[in-house]
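> Make a model of the complete structure from these sequences and hints.
Residue numbers (the working numbering), protein chains in the order written: chain D, 4 to 431; chain Z, 4 to 431; chain E, 4 to 431; chain L, 4 to 431.
No wet-lab data here; the hints were simulated from the structure. Since this is a predicted model, take the numbers as computed values, not measurements. Please note that the accuracy of each hint is not assured.
Copies of the same chain look alike in the list, so a pair counts if it works inside one copy or between any two.
Below, computed lysine-lysine pairings styled on BS3-like, alpha-carbon distance capped at 27 Å [stated by the list, open to error]:
#  : residue 1 : residue 2
1  : LYS384    : LYS133
2  : LYS370    : LYS163
3  : LYS346    : LYS215
4  : LYS345    : LYS239
5  : LYS358    : LYS163
6  : LYS370    : LYS349
7  : LYS215    : LYS292
8  : LYS345    : LYS292
9  : LYS346    : LYS163
10 : LYS404    : LYS430
11 : LYS370    : LYS384
12 : LYS404    : LYS239
13 : LYS239    : LYS346
14 : LYS6      : LYS292
15 : LYS162    : LYS384
16 : LYS6      : LYS370
17 : LYS163    : LYS384
18 : LYS133    : LYS345
19 : LYS239    : LYS370
20 : LYS292    : LYS239
21 : LYS162    : LYS358
Number of protein chains: 4
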Amino acid sequence: MDKDQCALTPPMGWNSWDCYAANVTEEQLLRNAEYMRENLLPYGWEYIVCDIQWYEPLAGTGEGEYRPFAALSMDEYSRLIPAENRFPSSAGARGFGPIAEKIHRMGLKFGIHIMRGIPRQAVHAGAAVKGPGLRAAGIANPFSICRWNSDMYGIDPGKKGAQDYYDSLFGLYASWGVDYVKVDDICNTNMYPHMPYSGRGEIELIRNAIDKCGRPMVLSLSPGPALIEESWHLSKYANMWRITDDFWDHWDSLKDMFRRCELWQAHVQAGRWPDCDMLPLGRIGAGFKRPRYTNFTRDEQRTLMTLWCIFRSPLMMGGELSGCDEWTLSLLTNGEILDVLKKGVKPRQLYRDDKEALWMNSAPDGKINLALFNLGDENRKLSCRLDQFGIDGAGLRDLWKAEDRRVSGVICEELPPHGAALFRLSKA
Amino acid sequence: MDKDQCALTPPMGWNSWDCYAANVTEEQLLRNAEYMRENLLPYGWEYIVCDIQWYEPLAGTGEGEYRPFAALSMDEYSRLIPAENRFPSSAGARGFGPIAEKIHRMGLKFGIHIMRGIPRQAVHAGAAVKGPGLRAAGIANPFSICRWNSDMYGIDPGKKGAQDYYDSLFGLYASWGVDYVKVDDICNTNMYPHMPYSGRGEIELIRNAIDKCGRPMVLSLSPGPALIEESWHLSKYANMWRITDDFWDHWDSLKDMFRRCELWQAHVQAGRWPDCDMLPLGRIGAGFKRPRYTNFTRDEQRTLMTLWCIFRSPLMMGGELSGCDEWTLSLLTNGEILDVLKKGVKPRQLYRDDKEALWMNSAPDGKINLALFNLGDENRKLSCRLDQFGIDGAGLRDLWKAEDRRVSGVICEELPPHGAALFRLSKA
Amino acid sequence: MDKDQCALTPPMGWNSWDCYAANVTEEQLLRNAEYMRENLLPYGWEYIVCDIQWYEPLAGTGEGEYRPFAALSMDEYSRLIPAENRFPSSAGARGFGPIAEKIHRMGLKFGIHIMRGIPRQAVHAGAAVKGPGLRAAGIANPFSICRWNSDMYGIDPGKKGAQDYYDSLFGLYASWGVDYVKVDDICNTNMYPHMPYSGRGEIELIRNAIDKCGRPMVLSLSPGPALIEESWHLSKYANMWRITDDFWDHWDSLKDMFRRCELWQAHVQAGRWPDCDMLPLGRIGAGFKRPRYTNFTRDEQRTLMTLWCIFRSPLMMGGELSGCDEWTLSLLTNGEILDVLKKGVKPRQLYRDDKEALWMNSAPDGKINLALFNLGDENRKLSCRLDQFGIDGAGLRDLWKAEDRRVSGVICEELPPHGAALFRLSKA
Amino acid sequence: MDKDQCALTPPMGWNSWDCYAANVTEEQLLRNAEYMRENLLPYGWEYIVCDIQWYEPLAGTGEGEYRPFAALSMDEYSRLIPAENRFPSSAGARGFGPIAEKIHRMGLKFGIHIMRGIPRQAVHAGAAVKGPGLRAAGIANPFSICRWNSDMYGIDPGKKGAQDYYDSLFGLYASWGVDYVKVDDICNTNMYPHMPYSGRGEIELIRNAIDKCGRPMVLSLSPGPALIEESWHLSKYANMWRITDDFWDHWDSLKDMFRRCELWQAHVQAGRWPDCDMLPLGRIGAGFKRPRYTNFTRDEQRTLMTLWCIFRSPLMMGGELSGCDEWTLSLLTNGEILDVLKKGVKPRQLYRDDKEALWMNSAPDGKINLALFNLGDENRKLSCRLDQFGIDGAGLRDLWKAEDRRVSGVICEELPPHGAALFRLSKA
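Below is the structure:
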């Protein structure tokens, strides 16, 4: 199957990282899945993704985010498996199968996070890799390590057994029923400037393994920022790739996303999504021992949703869903806004300076989705001339206000600091 | 008019640089134009472009390529004008008007080269710029100079009169009948790492000036390599931009072009052409005091033409046209090959390593143009599986050999060192 | 004469920059000289240095620090001369001669600032250089400009006449009676990363010119930070070179100077002085339209003086001298502190972290000068073990407090935030 | 003891690397020691140094220089010990004691190579470190690995037990009788640009450990090029540090050493030696499966010896000593040449361009050692004016030719390509 088919619109879902860091549990995953089924599924939200270190029994008990040289749950073929204490249904070598099955029964899809490579512990213990005579030490690259987590060695694509290992991983994941894989430490290769390492080799091994595993899976690459020089390669082999480092609830990061979207605008295509990262909305941070309600103001949250939608970034909700407040829920269930994401095409920046930005994408029936952003710290009047769209006047629907009006010549709108408007224009 | 309209297919023409360096004359321009009319026009070749320093009476008489602090021909508004000793028809303030007129009468189009900015001599002489009260010194950026030619200061876009100056330039060029402008020292902004200079400002001034001048002109930006980070900006404001430094007749440079085309493949679109630079074919180098027949072997020349066409680079012949040998002429007048350039769309690299490369673009009627390249130094058998195009078998036309055959399963082809094949596949 | 002879101890003086920017006048120079004679000369202060653009009649009247393309006062040999409106005694082609003479009569020495290179205006006007057939355009490097001032082109050392030009400059300066030259835009060559320019050529031309001019002159190079890779070359050809960009009255810059002194400590030698830049003490900033009393607290001022003295940096007072307040005067006239500068040798850092630093240099008669610095923002107890000097106990003179005591084992001292102590230890 | 005392002149010895790569044996060490005692000891050669991976039983049996994830000989405290199959006398936990004892009995000194850090195998096996409750995993930095050898993790200086571990290492080495330690992967910290790693921490731990171990040891740091920014730190904590990557028998590398010596000239001091690396002379390369007689011509070998001696680099012979040919032996046993190394002080470069170089150092009794180098590929006449030394004439001894003559005014010498002369001047 063409790999683009499994993500023809930007994937939408929930990911455990923003709430639960490396420590999420089975119960938390399923609780969020329940909420999604009941409240969000009709709007297109469908993925439940279990983020990093589900194989680390003591995740979250160290000083930093990860315990150095932690002992990880692993099977006889050097494959990491869920930590039973955190994911009880995985007992008996069932892995994530039971969780995936429950999630599928809700009409949802299930995703997992992995680090590229093979566990360091497997390599140093002389462990086997599935396949005749294969050993972890024979395929590991001793000089390819992650900069921020000590679990893995990278795989040397030139070694016999390298593809076999990744095939064995994705075969296992397919048997569990995984629909989405977020592969980490593989995208921002600028992190490894003096290493003879481009990242391409392991991406291609993973692509091959997915294509052979018998189950469609969305391939999502992290962390960002991805390199624009690699845009063609990422487009060819992945479904989504992060264009930013981890995104959190700071205005500076949100403002900087406009620069990133500008850079990547020409590369947004069906099945191939530059990814602005998760939505740190609602209640987040518990797993980092810093639980909080998002720092973003409501205007900033509208700006976030507007940019992600007009640019067509994947949407991965980061906040705990159960007990979600009305305001947050309203952001996630605005069908008109989400249609800008799902049905708009060819997002492009019309203008940007330090104070404001204008974006559009093309809606069905020749309509135009138009977003105005006030990037400054004071109220600001923005204007947009219609003649650049080849029209004099138009019907304008204000999607956030759910109001209609007519405009001619120039659209003028006053926006609060860090605020946004999103319009749909219909030629007169 | 939409700026893309004036270059819906990659521009094709002749440029004086490879032959005549900074020293071309009116007689040489017209001689090449005559040849083009008689031999090349039916194949789509149409631009005659006068390259750098047509305003320098003593060009080519110094030690290097340019005389430092040369006295340049200039009008009362700080605008450079053709040196009369080299372009006699420009006498009487007629500029390039008479030459353009002759070229237009041949059914061809006329282009000129300019350096961004305003002459240093104008600034230091206190010269005027067209417009009330405007002076050269008022719009020049004293810290923006070219690294390899001492003629100009850059324009500071923030100064009053900056747009007026560029408007006055393009107004003059429009009055001459210019159809194509190659703007230099504006594209590879990596040359100026510590300058607060992104290049964008002057590109936008020039775009505005062309849009206002009343005459369509192709906007070509040099030198390369352009920055991939600027791809969206270059696409928006220019028609073509160089993706390489000056290209000459060395195999290493030709081989390196495959890396550059790989990088830029997603950005090839109608009206927006990444540019592999001129074709240093036939007789070149006279103006550099190193006259020679191209160093490229015939296999390398075929590789060059095949890559430029499958990638859809603009084609600017560099060798002297008059008295062109049969072989070179055959390269420029192969209609089937040139159709790959003109009618193929969506060029993309299928594979590349150090030894070989495969490219395709999509021909009309669902046909596929497929190029195979042997990048190594020995004979090599290349193969290409048809199932990646969703077919089992196909009719294959070998465009260089003008032969037809049928293939099924896998296309296999043995190629000489540095050689290429170009096929058109028709689904069975 | 060995060039080191003219600066056997770190030069001490006053420089017009911190007060008067590019706009100092004859009257201001002489007023400060008078004050120096009366109050500071006995302590070793002796240079009066006229900083940048004394040749620019309208200096300080533009928007920024320098007017772009300003018309400069120049003689018939492309040599800049004092602007008569600012330095009236220079009328009649007497240059700085009359001022230098007055200053010499006070028992002081006179210094000037120059930019490396030749005026752009001379080059573009076709002006002569002293010497048969020499022209400004023949020795200027059209690609070597300063990044922040538009007055000059650099000199191409490979050109005939390059040495003649610099000889003619220093011949003129010698005839005026100049004792000290601060050459600018020549030291931090990292500013010009892609230029084929190491700075060495012009430094050597200037060294030669001084050696030939018949008058000893201190050679001071700016701006910083100088490159540590060039330490051997700077030591060989200059008397002092800046190890920092312009230093102003900000704690962050003062704290950062500890890092710079650490880096350069091995290169402090008689006649060869890494230079921490001027002392922005007392009343400064008038010429920048931001007149103020120094922002440094008294503790910070003591820290500044202590570091400059223990490290043996040249001392160039920046504040207006006339009407100097008692406190500032006390800093400049503490003989015991200044002896650490003049007579200490081999400065070396004993310890540094983010919170504190310890330095020493070796005083005559086996005594030790020891400086303790509190780099943190809170009171701090510092300690220093005596055994690292091979002693158990010592007589200790607190130079700032002018008190004596005995210590044994460990010196302990509590210091206020950003404060310093300076001790002289005498072995028991 | 002051650490400088153990290397008051540049250390001279033999090191196993150039001959035996990572595979040297006890027999080879002792054979070279025997030769040194009999032939070289009177000239000051005294160290026998066992280079890398003496703890790897199968060293040299893999594809590259080191086997990835090799199992290393280690004691119960995570300390590497000699591989018994290669160093039989180490059996019974005697380590290098027996070898050191034999070498000491010859009147020689014994050195070993170590990699900074702790074995990865110890960390992943949960091994102990000497000291109550200490574990390898507790002091290893999981993100600090060597770029070219997979044996070790770096030590995190901030961890409890970090100093204990290094103390336990050097305690063991002292018990063996080690006199010299070459610590690797610690000097060229530019290899690790994005790591929060300056190298300083582990250097200081090692310095402390040596100071506490009760036995003087020369501390030599590798690999180069060391960073000039770290010169003060290296001088303070080490006895020698490499200023170049591994040096082999290629003229380009030898020529490039002149640039490196220029850079480091001010830092050559007793006990503190910038190190030009080993002498690849005579028979080398066997351990790399490329046995050969040095590629250097005799002129180049003289140039090498002349530069190392005038600059005062440590001298570590790389070629197999036993059966040394007459020519090579003559290079190593020229007492007059070696006196330039041992007794000259203050080496400094007088001149260098692409074709020639002149160096001097100051010999006892006011004499001058002067070296002339022809860096070009053709015969060349070099000259050197005596007045720069403040003399008109001098007695000149040609140290290579062992001839005396008188010179006045200018020394002129014709040298063959890549050749050198070394003179001792005595003021008339």
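> Indicate, hint by hint, whether the structure satisfies it.
For each hint, the structure was consulted:
1. LYS384 x LYS133: neither (63 Å within a copy, 34 Å between copies)
2. LYS370 x LYS163: Answer is neither: 54 Å inside a copy and 38 Å across each miss the 27 Å cutoff.
3. LYS346 x LYS215: neither (31 Å within a copy, 36 Å between copies)
4. LYS345 x LYS239: So LYS345 and LYS239 pass the 27 Å test inside a copy (21 Å) and across (25 Å) alike.
5. LYS358 x LYS163: between (54 Å within a copy, 22 Å between copies)
6. LYS370 x LYS349: For LYS370 and LYS349, both the intra-copy (12 Å) and inter-copy (26 Å) Cα distances are at most 27 Å.
7. LYS215 x LYS292: neither (40 Å within a copy, 43 Å between copies)
8. LYS345 x LYS292: Cα proximity of LYS345 and LYS292: none, with 35 Å in one copy and 56 Å across.
9. LYS346 x LYS163: So LYS346 and LYS163 fail the 27 Å test inside a copy (44 Å) and across (44 Å) alike.
10. LYS404 x LYS430: within (20 Å within a copy, 52 Å between copies)
11. LYS370 x LYS384: This pair counts as within: shortest intra-copy Cα distance 24 Å, inter-copy 51 Å.
12. LYS404 x LYS239: Answer is neither; intra-copy 39 Å and inter-copy 32 Å both fail.
13. LYS239 x LYS346: both (22 Å within a copy, 24 Å between copies)
14. LYS6 x LYS292: neither (38 Å within a copy, 48 Å between copies)
15. LYS162 x LYS384: For LYS162 and LYS384, only the inter-copy Cα distance (25 Å) is at most 27 Å; the intra-copy one is 60 Å.
16. LYS6 x LYS370: between (29 Å within a copy, 23 Å between copies)
17. LYS163 x LYS384: between (62 Å within a copy, 24 Å between copies)
18. LYS133 x LYS345: Neither, since 41 Å and 51 Å both go past 27 Å.
19. LYS239 x LYS370: Between copies only: 21 Å across chains, 30 Å inside a chain, cut-off 27 Å.
20. LYS292 x LYS239: neither (39 Å within a copy, 43 Å between copies)
21. LYS162 x LYS358: between (52 Å within a copy, 20 Å between copies)
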